[in-house]
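As they're listed, the protein sequences go chains A and B. Per the numbering used here, residue 2 is the first one in the first sequence, and the count goes up by one each step. Per the numbering used here, residue 2 is the first one in the second sequence, and the count goes up by one each step.
Derived from the structure by calculation, the hints contain no laboratory data. Careful: at least some of the hints might be erroneous.
Computed footprint of chain B on chain A, listed as stretches where at least three residues anywhere in the stretch have a Cβ under 8 Å from a Cβ of chain B [said to hold, decoys possible]:
# : segment
1 : 213-221
2 : 247-260
3 : 298-304
The calculated lysine to aspartate or glutamate pairs, modelled on EDC-like cross-linking and capped at a C-alpha distance of 20 Å, are [to be verified]:
#  : chain 1 : residue 1 : chain 2 : residue 2
4  : B       : Lys186    : A       : Glu183
5  : A       : Lys23     : A       : Asp38
6  : A       : Lys186    : B       : Glu321
7  : B       : Lys23     : B       : Glu4
8  : B       : Lys23     : B       : Glu34
9  : A       : Lys263    : A       : Glu31
10 : B       : Lys263    : B       : Glu325
11 : A       : Lys23     : A       : Glu321
12 : A       : Lys186    : A       : Asp56
13 : A       : Lys186    : B       : Glu183
14 : B       : Lys186    : A       : Asp122
15 : B       : Lys263    : B       : Glu4
Even glycine gets a Cβ: it sits at the ideal position worked out from N, Cα and C.
Protein chains: 2
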Amino acid sequence: MSEIRQNIATREWVIIATERAKRPEQFVREPRERITDRPIYAPDCPFCPGNEEIDLERLRLPEQGDWIVRVVANRFPALQERGMLQPNFSRFGHALAGIGHHEVVVESRFHNTCPALETIDEIELTLRANRQRGIALHGDPRIAQIIYFKNHGVSAGASLLHPHTQLLALPVVPHNIEDRIETAKRHYSAHWECVFCRMRNEEEHAGTRMLAQTDHFSAFVPYAALSPFHVWIMPHRHTASFSDATDPELRDLAVVLRDLLKRMYVGLGDPDYNYVIRTAPRRERTAPYLHWYMSVIPRVIRTAGFELGSGMYINTALPEASAEFLRNVKIADG
Amino acid sequence: MSEIRQNIATREWVIIATERAKRPEQFVREPRERITDRPIYAPDCPFCPGNEEIDLERLRLPEQGDWIVRVVANRFPALQERGMLQPNFSRFGHALAGIGHHEVVVESRFHNTCPALETIDEIELTLRANRQRGIALHGDPRIAQIIYFKNHGVSAGASLLHPHTQLLALPVVPHNIEDRIETAKRHYSAHWECVFCRMRNEEEHAGTRMLAQTDHFSAFVPYAALSPFHVWIMPHRHTASFSDATDPELRDLAVVLRDLLKRMYVGLGDPDYNYVIRTAPRRERTAPYLHWYMSVIPRVIRTAGFELGSGMYINTALPEASAEFLRNVKIADG
Chain A
2 MSEIRQNIAT
12 REWVIIATER
22 AKRPEQFVRE
32 PRERITDRPI
42 YAPDCPFCPG
52 NEEIDLERLR
62 LPEQGDWIVR
72 VVANRFPALQ
82 ERGMLQPNFS
92 RFGHALAGIG
102 HHEVVVESRF
112 HNTCPALETI
122 DEIELTLRAN
132 RQRGIALHGD
142 PRIAQIIYFK
152 NHGVSAGASL
162 LHPHTQLLAL
172 PVVPHNIEDR
182 IETAKRHYSA
192 HWECVFCRMR
202 NEEEHAGTRM
212 LAQTDHFSAF
222 VPYAALSPFH
232 VWIMPHRHTA
242 SFSDATDPEL
252 RDLAVVLRDL
262 LKRMYVGLGD
272 PDYNYVIRTA
282 PRRERTAPYL
292 HWYMSVIPRV
302 IRTAGFELGS
312 GMYINTALPE
322 ASAEFLRNVK
332 IADG
Chain B
2 MSEIRQNIAT
12 REWVIIATER
22 AKRPEQFVRE
32 PRERITDRPI
42 YAPDCPFCPG
52 NEEIDLERLR
62 LPEQGDWIVR
72 VVANRFPALQ
82 ERGMLQPNFS
92 RFGHALAGIG
102 HHEVVVESRF
112 HNTCPALETI
122 DEIELTLRAN
132 RQRGIALHGD
142 PRIAQIIYFK
152 NHGVSAGASL
162 LHPHTQLLAL
172 PVVPHNIEDR
182 IETAKRHYSA
192 HWECVFCRMR
202 NEEEHAGTRM
212 LAQTDHFSAF
222 VPYAALSPFH
232 VWIMPHRHTA
242 SFSDATDPEL
252 RDLAVVLRDL
262 LKRMYVGLGD
272 PDYNYVIRTA
282 PRRERTAPYL
292 HWYMSVIPRV
302 IRTAGFELGS
312 GMYINTALPE
322 ASAEFLRNVK
332 IADG
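Can you build the whole structure from these sequences, using the hints too?
Below you can see the structure in the form of structure tokens.
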């Protein structure tokens, strides 16, 4: 019998379709070109050392000596940095000039790597660079919301091979995020608790979907996971904004994230995936009802008309089975 | 300069990314196997005449003689027809047994066709079959919402080649749909008008994004189209539920829909696409603030981490240019 589950924090429903369910092994990707078979350096890659476009550079870490991680303005930005917002309330709907920031965090000096194969230092610096740029962009009064995300692989929307993440700083709070905030606020008013803290506590207590628990983070497949191997990584400290993550937290997150991505890489055959950092809008950076976290979504199933028409998802793997599979993947330490 | 537009009815924001914008011609698909090169009949296709599984059949039109359109229960349903809902309010979130209906409308006797190549009669009967099954499934008190949708092509989620649409009858109203209803209701309270009627009137008045206007329907690229060639087809008569569409309306919709899909087929090289019918939940079948319509979404761009993390879209074509391109495609009549 299938089951329909609702996420208490987002109120999204998902169909856990056990009739169509596959064993987690069935999501393992066909063998293909390995990332490490690519050249370590590509002459035409704008992210490789030696090809840096210095006028686009926004940050390099470390600041002295060879950089390990670099932030650059996107050469083909979805939004432009210069200009006034000029809101225009037309009869069709609202419009704004496309003002904002679109930056790219280059995660490594090496062309032929990915987070699963990177060092913890590289991942930690990537997270720090994201945080630092997020704080800087919060200084722009035109900005309302920052979206931090990674696309790994073609089906996840990646167009450049050199490993990188992206930040898009928006002049509006997306409707979907406003709606989630409203839900969290309502839960807070009704129960005097953060719905995300509550969810984490319940997941830790149950244990069946847990993947990792460290000093600062818990990683788990959510009860109402939208797709196979969908994972949330949540900080223990109740903090609304990713910009307020501490150095020890980011170090710890780097360890947890690399462990998860390695398990996916080894266990599922390097699937395409996205990760996003869900964080508070600028105006609600210290809101007591919000809690930032990272969501990792392997692209192992396709969405179709049903998802477009309903906003619901059909998950063809039991969340508990996804978690068990990932827990059991054998990976080398270090 | 890019622009950020909001749809007045759904409140979704979209980035119209003119810096990355492509001319509509750039979305034309590479030549590939043509649908008409496939066999007209496939021995292992459960939807081809002669291979009918009669125990799964729910409807055939016409009822006498050779069927043209047939409705069958999905052999691998996402939801099961038998059972009690058994709501379970656990500490992780809500859960229900996976009760519902999952049916398939076979659009044609021919294996090697698609709506762009079908006759108007076939499309009309497909729409009628959807309506008739929708009305029947509304008779099940466990059902709250029906999602009508079509997946054309692999990247749009189609797994069987024989042309078909699907109905999923859900025991819950998806959160995303509840949210849209709330928005429409608020507009109705504030302005004493249906926000969808308003939008259609504004689009007809402006004309720049219009594709077709017939006795009963208007087709247009919405002002805040989520992706290139995204089209809404809206009935003129203010009706909340697709189940209340009349016979002349469905005939007219068949004409408008086939014309649009033919333009896409010829002009864009048979792109993969989805269409969905957005209709009122059962409990709000006659709600004055709701208005059913069809949304057609060609899969010409990929969604990535940004869309997952924000719920927003980046449209790399100007809606006005998408409309102009589709208007100018030359198609044979009849």
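Hints, one by one, checked against the model:
1. 213-221: Three-residue rule not met by the segment 213-221 of chain A, so violated; n is 0.
2. 247-260: violated (count 0)
3. 298-304: holds (count 3)
4. B/Lys186 - A/Glu183: holds (17 Å)
5. A/Lys23 - A/Asp38: violated (31 Å)
6. A/Lys186 - B/Glu321: It is violated: about 39 Å lies between the C-alpha atoms, which goes past 20 Å.
7. B/Lys23 - B/Glu4: holds (15 Å)
8. B/Lys23 - B/Glu34: violated (25 Å)
9. A/Lys263 - A/Glu31: holds (17 Å)
10. B/Lys263 - B/Glu325: holds (15 Å)
11. A/Lys23 - A/Glu321: Status holds; Cα separation ~13 Å.
12. A/Lys186 - A/Asp56: violated (42 Å)
13. A/Lys186 - B/Glu183: holds (17 Å)
14. B/Lys186 - A/Asp122: Distance ~51 Å between B/Lys186 and A/Asp122 Cα, so the pair is violated.
15. B/Lys263 - B/Glu4: At roughly 30 Å apart (the allowed maximum being 20 Å), B/Glu4 and B/Lys263 break the hint.
In summary, the structure is inconsistent with hints 1, 2, 5, 6, 8, 12, 14 and 15 from the numbered list given earlier, while agreeing with the others.
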